[in-house]
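One line per chain: the protein sequences are R and E, in this order.
In terms of the numbering used here, the numbers along the first sequence are unbroken and rise by one, the last being 216.
In terms of the numbering used here, the numbers along the second sequence are unbroken and rise by one, the last being 701.
The hints are simulated quantities; they were obtained by calculation from the structure and are not laboratory data.
Computed from a predicted structure; not experimentally measured.
For every residue, glycine included, the Cβ atom is placed at its ideal position computed from N, Cα and C.
It is possible that some hints are incorrect.
[As the list claims (entries may be wrong)] Which residues of chain R face chain E? A few of them, derived with a C-beta cut under 8 Å, are:
1. K52
2. W56
3. V63
4. P66
5. P176
6. I178
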Amino acid sequence: MEDAGHATQILTAHAAGLAGCTSCGKVHPGGAARCLRCGTPLSPPDGRSLQKVWAWLIAGLIVYIPANVFPMLQTTNLGRTTDNTIVGGVVDLAEHGDYGVAVIVFVASVVIPLGKFAAIAYLALSISRTVRLNADRRHVLFVIVEFIGRWSMIDVFVVAILSSLVTLDFTATVKPGIAAVSFALSVAFTMVSALSFDPRLIWDVEYPPRAKGSET
Amino acid sequence: MSDSRPGDMEIERRKPSFWRNLSLAWLIPIAALLVTLFVAWQTWLDRGQTIEISFENAGGIVAGETTLRYRDVIVGNVESVAFVPDLSSVVVTARLDRTIADSLPEDAQFWVVRPEVSTSGVSGLTTVLSGVYLEADFEPSPGAAFDRFTGREDAPLVEPGAVGTRITLRAIDAGQLSVGAPIFHKGIEVGKIERPELLFTRDGVVFDAFIREPYDELLTSATRFWLTSGLSLSLGTGGLDVSVGSLANVVRGGLTFDTVFSGGEPIMEGQVFELYENEDSARSSAFEDPFENTVEMSVEFEESVSGLAQGSAVTLRGVRIGTVAAINARVRETDERREVRLRATLSIDPGRIGLPADVGEEGVIDFFSEAVRNGLRARLGLQSMFSQSLVVELVNLPDPEPAALVTLPDTPPLIPSVESELPDIGATAEGLLTRIDNLPVEELLDQTISTLATIESFVADDALRDAPGEFVALLADARGVVGSDEVQALPGEISGVVTDLRAVTETLRQAETVANLVEALNSVQTAAQSVTDFAGDISGAAGEFTDLITRLNALTEKANQLEIEEFLASARELLDSADALIDTEEARAIPQSVTAALDEARGALEELREGGAVENVNAATASAQEAADAIRDAVETLPDLSVRLQRLVREAERVVASYGSESTFSRETLNSLREVQAAAEALSKLARAIERNPNSLLFGR
Chain R
1 MEDAGHATQI
11 LTAHAAGLAG
21 CTSCGKVHPG
31 GAARCLRCGT
41 PLSPPDGRSL
51 QKVWAWLIAG
61 LIVYIPANVF
71 PMLQTTNLGR
81 TTDNTIVGGV
91 VDLAEHGDYG
101 VAVIVFVASV
111 VIPLGKFAAI
121 AYLALSISRT
131 VRLNADRRHV
141 LFVIVEFIGR
151 WSMIDVFVVA
161 ILSSLVTLDF
171 TATVKPGIAA
181 VSFALSVAFT
191 MVSALSFDPR
201 LIWDVEYPPR
211 AKGSET
Chain E
1 MSDSRPGDME
11 IERRKPSFWR
21 NLSLAWLIPI
31 AALLVTLFVA
41 WQTWLDRGQT
51 IEISFENAGG
61 IVAGETTLRY
71 RDVIVGNVES
81 VAFVPDLSSV
91 VVTARLDRTI
101 ADSLPEDAQF
111 WVVRPEVSTS
121 GVSGLTTVLS
131 GVYLEADFEP
141 SPGAAFDRFT
151 GREDAPLVEP
161 GAVGTRITLR
171 AIDAGQLSVG
181 APIFHKGIEV
191 GKIERPELLF
201 TRDGVVFDAF
211 IREPYDELLT
221 SATRFWLTSG
231 LSLSLGTGGL
241 DVSVGSLANV
251 VRGGLTFDTV
261 FSGGEPIMEG
271 QVFELYENED
281 SARSSAFEDP
291 FENTVEMSVE
301 FEESVSGLAQ
311 GSAVTLRGVR
321 IGTVAAINAR
331 VRETDERREV
341 RLRATLSIDP
351 GRIGLPADVG
361 EEGVIDFFSE
371 AVRNGLRARL
381 GLQSMFSQSL
391 VVELVNLPDP
401 EPAALVTLPD
411 TPPLIPSVES
421 ELPDIGATAE
431 GLLTRIDNLP
441 VEELLDQTIS
451 TLATIESFVA
461 DDALRDAPGE
471 FVALLADARG
481 VVGSDEVQAL
491 PGEISGVVTD
501 LRAVTETLRQ
511 AETVANLVEA
521 LNSVQTAAQS
531 VTDFAGDISG
541 AAGEFTDLIT
551 RLNALTEKAN
561 QLEIEEFLAS
571 ARELLDSADA
581 LIDTEEARAI
591 PQSVTAALDE
601 ARGALEELRE
611 GGAVENVNAA
621 TASAQEAADA
631 IRDAVETLPD
641 LSVRLQRLVR
651 EAERVVASYG
661 SESTFSRETL
671 NSLREVQAAA
681 EALSKLARAI
691 ERNPNSLLFG
701 R
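Looking at chain E on its own, in the form it has when it is part of the complex:
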């Protein structure tokens, strides 16, 4: 058991150093850690910056899905959609690329792009599949880094990044325009209008319009805008002309602009243009609107200028020569006190006064200083009777206080002013109203009503209604009288008598038997006796006739003097009397008596002719003489009768003429009266012939 080897020593082994034993494999987790940290850091960097955009409503925006694009490149993502504490709007939190977020200016615009179908076309169609997205538009300004914005409700009409000029248009109403309506220049679309907005300060609307580059260079102060409906109708000598523009133009309406006169000045961004109804008014506006080469003058007023405004007219004896450019108050130091005066600056167009256009400021000032010396003064006047708007009137006063144009170094020359003759409109209006109030309107109405009632009852009166009827009946009576057979027959009978007489005398003339003369003379003697009797009869008849004529005369005279009603009454009376008269036996008997007398005469003459007793000639001649005397006596009344008859006819004619020349009644009456006249004339002739030569009655000469 002798084992020389030393026993096992309890040794503590040298521990290998921790670092020496460390495996290289540990580098791997370190590398992995580094890579992971790097990836994490990179990712964190890539997360970008959040911004908050508030919208009225977040239609279609989905957190985590909706992207945010700038120039149609995705630059961010919506992280959350939340309400503001009072729930009045939606806040969309979006994470943006850091480079984009750093350049966001304060006025960056965000809106939701949705699919949209409108009159101007279809837009945002890709969003049908991909969902809505947010679009941003801004002018990059590095370092601005704003992060709170208010989103737009709709996309701006001008596409982001478009270059051009924005102007403002002013119109009476926007009825024919819709958002996005195109603006044309010579038929080429060069811009668009944006949403019209109501103007609260004055009647009308304003809207922004955008004219794209390079067309915006066409805009000058001489540019005029007018509405084009796309549909034009014109009716001329060439017929009806209908022209229809593009459908979009018809639906949306549109504007056209053109330069209407030369020499316009370049415009600024945001220039205001008037929008005219049509091309004519736009072009004609060039001659009325702009004031050119204006020279500034000023006026100070002591009274209130309420009603005078910027743009009010400046008139020279009623003609507009300029406009009020500004009104302001200034304190004027006088010796005793300080007072506030209101100063209006006037822009005056020398061309309107008649000065040459190139007269220059000095020329205008010279003109006014001379005019002021001659009595030109400024004062306030009413624009119209019913408006409170004021204008500045430049008037020539006949005998003004001497004054001169005040030329001040820093302000326009001052035209002296006089107190205006403004009526106190308020008081006047009140007075007018009071007076209107005091008018006895109700009384007047009552009276009118009662008057009308009276008129109504008067018109409704039966008597008044009957009056025309009675008149007609009267005329019918008169016509009946005149048309009665007796009266009609009267002239015929008279002419018959005359014819008979003519035949008798003819027979007498033709009788050649002198041998029978004696017999005849015998007969003549008895005949003459009869004739004498007859002549007495005639005289009686003539007396009655005379009586009739006298009555007619009196009647006619009366009729002449009477008013129409009385005349009518009298006429009726007359006609009744005439009727009655004519109706009397005697009147009817007249012709018969004459006829009978002539028959007897004829019989007597025949007896004479047959007798032929010459020896009785003397006796007969004596008797004849006697008879002739009797006849002459009788006949002597005949001229008188005929004269009266003529006079009657004239009177009657006049009466009838005054009554009415054209009626049948008057015509018939006239005719019958004329025949009466003719009969009277024949009687008169007969009487005269007998008178001249009574023997002719016997001997037919």
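In isolation and in its complexed conformation, chain R is listed as follows:
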């Protein structure tokens, strides 16, 4: 199909000087400011959205640092207070033999966020042609990133549930640390970053829009 597409010279909306609404999909002529149907502001797929992606991504990366450095959980067990960072917690779990849980936590807290960072950065870079990637592959990657995004809050959920459930005062208390907030922010920032990514750009790169006035 791809090759067929190439052969038949698909005309994209952007190439045709049109702009589709991002929420309802109605196609408008190039200069339209708002969607006539749903009123969503229309913006042409350009570098601005990519800037947003980068901005949110960087913000997410910044807050991801304290999320790993500061303790995620402050566990007070019979008067002994232990602070656990994410990686420290994974190591503890692994040491206790809970490899399954350790793998889950490690994947959810480390692999997925880092993968997301990498994926978003890779997409953004591929848009600006620094990296070459097949458009369809890029699209699949984007779908994956969007899908995974909602699951990377699993850590935050665990911490929130633990701290609300385990408040046995002296014997056992779990308090969220600074890292929990940071991690939640990091996840949120990367989600926003992924949302800010305009998937139309994927195809723009493949099929660059014609110069103005070349059509008609």
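Please arrange chain E on chain R, whose structure you already have, making use of the hints.
Structure of chain E alone, referenced to chain R:
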């Protein structure tokens, strides 16, 4: 193909300005960065400051878990536990709140709180679950910020932040006290004692005690401390009284204090008190210990004052009147040279001298200046014969060099001193030892041993052992002699003779037949003849008797003169002789002869009575006269005999008395001798009666 439109120009599009194209979204990472940096900075600030505390051992301290608390609030956390390079102690690094760390003074105390069960209760129980923690106690001093400390091994007994007065107690031994023992005042616990420490400078122990506010106001210089064991036993007229205090008091011991006299002065922190054994001694100490209203005097000595110390006694003719307050050396400038003199400052209690208590310093100085004029001098003296401790003696010398009390502007008045008469103890002791060494102890021992050996062999001698046996045998012999039938019978026979004689004379007296007189006279004539013969016999017997008595006399005299052994020997001899004598036929025959003679006389008289021949009266009278003469001759020896007998008895009595008045032997001997005496007296009477009136023998008058 005519296309009027211009061809596409190759134009370079105006690039939008970088800043205009910049999205506002970039603010977000900037904000995130700022927030993150702020959090980091805040966290770094919150880390606080590290301090290092060294402990002998870090029992229970876990890096990262053990907390550090001040007034039971967590103010820090132990970061690491490490050894010092030479492994001699453990250094605990703890991170403290900055505010706390900034206020740590140099003498801040740190100790490990552990669960502890002791006689005073259970403490630190929470650490069983939470693990040990470090507790800090200090007086906050902002800005001090010391960061190296030495930790205590145990918690201070006084809880951190307690207010009160710390004092020092001094006791002979700490046997009845343990750490944390309570201090009572009228039964209320007002303080605690801390760990007793041995005093190396003198015998005893000292320990700190802490009296809590507000009870510390009760402490004055008149306060005395004594031991209360919690268990008291007293035995009085009311019976046995046992009172048991609280169990803790029994187990730990305790102290009680009270003010034992009025007028004490307030004390300083760290005041030293003596600890007394019991309440009595504590209360009585009030009358002996403190010197009041003391006036300072001083004495300078040229000789060595080694042995004199602060606290040494100052005596006035043997009575303690004060104490040596200080000893120091000072250089005195004289005209020619500088010399070092040792000056002792004396605290003298005027009350002890007998001066009124309010006499004041001037009064005391006046007293001493007058006393010095009268010969009072100070000198060093020995405290006791066997100690090297010195005392300052104030003595009145009979004829001293004139001197006066020297009043100096900046020092106490100076009492003139004289050279002491201290014997050189060292030399004396050495001499004594030498002399002891020279004593012929071994010789003496040898002699003693040989003497004892001699005594032993002497005592073991058979002869000595037999001596008492022989003595007993002797006495038994003597008793046998005296107890022999013959001797016993002798007095009886004599009395029998006398009775017979009395009966004869009675018969004679009662005879009324004058008619038979002639016959009788005839018979009398023959009887008189017989009597004459008999009288001759009597004379012979009397001679033998006299001989016996003479021997007895000689024996008695000898016995009197002899020592006891000789006496005993002689006594045995005497008794043997007496035995032998008494045993002789003749002696036995005496009574028989007398009896026979009297029988014959009686027979003669009977014949006379029966005869009745008056005509023969003249012849008979003549014969009778003759017979009477013969009798008188015979009888003349009788008084002599009786006198001798009496004398014998007296001698014998005396001998026997000297021998022993109470023994049976002497009593028996005495009795028999008395009977002999009685017999002698009867004989004497008979003789005298016959002498006075020989006719009575014939006519019964």
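Here is what the structure says about each hint:
no.	hint	result
1	K52	4 Å, holds
2	W56	6 Å, holds
3	V63	5 Å, holds
4	P66	5 Å, holds
5	P176	14 Å, violated
6	I178	6 Å, holds
Going down the numbered hints, you'll see the structure goes against just number 5.
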